[in-house]
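Visitor: Sequence:
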Amino acid sequence: MGFASERPHRLFTAGLGLAWVPSPLELPPLVLPLARHARCDAGPVHASLREHAQTALRGRLQARKRPRVGSAR
2 MGFASERPHR LFTAGLGLAW VPSPLELPPL VLPLARHARC DAGPVHASLR EHAQTALRGR
62 LQARKRPRVG SAR
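In the working numbering, the protein residues as written are 2 to 74.
It cannot be assumed that every hint is accurate.
[What the hints assert, rightly or not] Now the in silico label distances, taken between C-beta atoms and shown as ranges:
(1) LEU19 - THR56: 28 to 34 Å
(2) VAL22 - ALA48: 21 to 27 Å
(3) VAL46 - VAL22: 38 to 44 Å
(4) GLY18 - ARG40: 45 to 51 Å
(5) GLY16 - HIS47: 33 to 39 Å
(6) GLU52 - PRO9: 34 to 40 Å
(7) LEU19 - ALA54: 38 to 44 Å
(8) PHE13 - LEU35: 22 to 28 Å
(9) LEU35 - GLN63: 25 to 31 Å
(10) SER24 - GLN55: 42 to 48 Å
The hints are simulated quantities; they were obtained by calculation from the structure and are not laboratory data. Because the structure is a prediction, the values reported are computed rather than measured. Even glycine gets a Cβ: it sits at the ideal position worked out from N, Cα and C.
Assemble the whole structure, with the sequences as input and the hints as a guide.
Guide: Okay, structure coming up:
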């Protein structure tokens, strides 16, 4: 049993004869904590990576809060 969303499965199922099926269980969202050392704070590459990650995640969180069209929420 995996916990991947539907989209990444396409990378693996096509050539391997596998199928993706939704879980019959209501599972909580996965939390993936990240850590970094303070010495990396000043590095321009790390700062850029953090900025891109925050922008991408902020957009996903905002999209998740919007009600879906046709949903009963």
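Visitor: Now tell me, hint by hint, if it's right for this structure.
Guide: Hints versus structure:
{"no.": "1", "hint": "LEU19 - THR56: 28 to 34 Å", "result": "holds (33 Å)"}
{"no.": "2", "hint": "VAL22 - ALA48: 21 to 27 Å", "result": "violated (41 Å)"}
{"no.": "3", "hint": "VAL46 - VAL22: 38 to 44 Å", "result": "holds (39 Å)"}
{"no.": "4", "hint": "GLY18 - ARG40: 45 to 51 Å", "result": "holds (47 Å)"}
{"no.": "5", "hint": "GLY16 - HIS47: 33 to 39 Å", "result": "holds (36 Å)"}
{"no.": "6", "hint": "GLU52 - PRO9: 34 to 40 Å", "result": "violated (24 Å)"}
{"no.": "7", "hint": "LEU19 - ALA54: 38 to 44 Å", "result": "violated (29 Å)"}
{"no.": "8", "hint": "PHE13 - LEU35: 22 to 28 Å", "result": "holds (24 Å)"}
{"no.": "9", "hint": "LEU35 - GLN63: 25 to 31 Å", "result": "violated (20 Å)"}
{"no.": "10", "hint": "SER24 - GLN55: 42 to 48 Å", "result": "violated (29 Å)"}
The structure fails to meet hints 2, 6, 7, 9, 10 from the earlier list, while all remaining hints are met.
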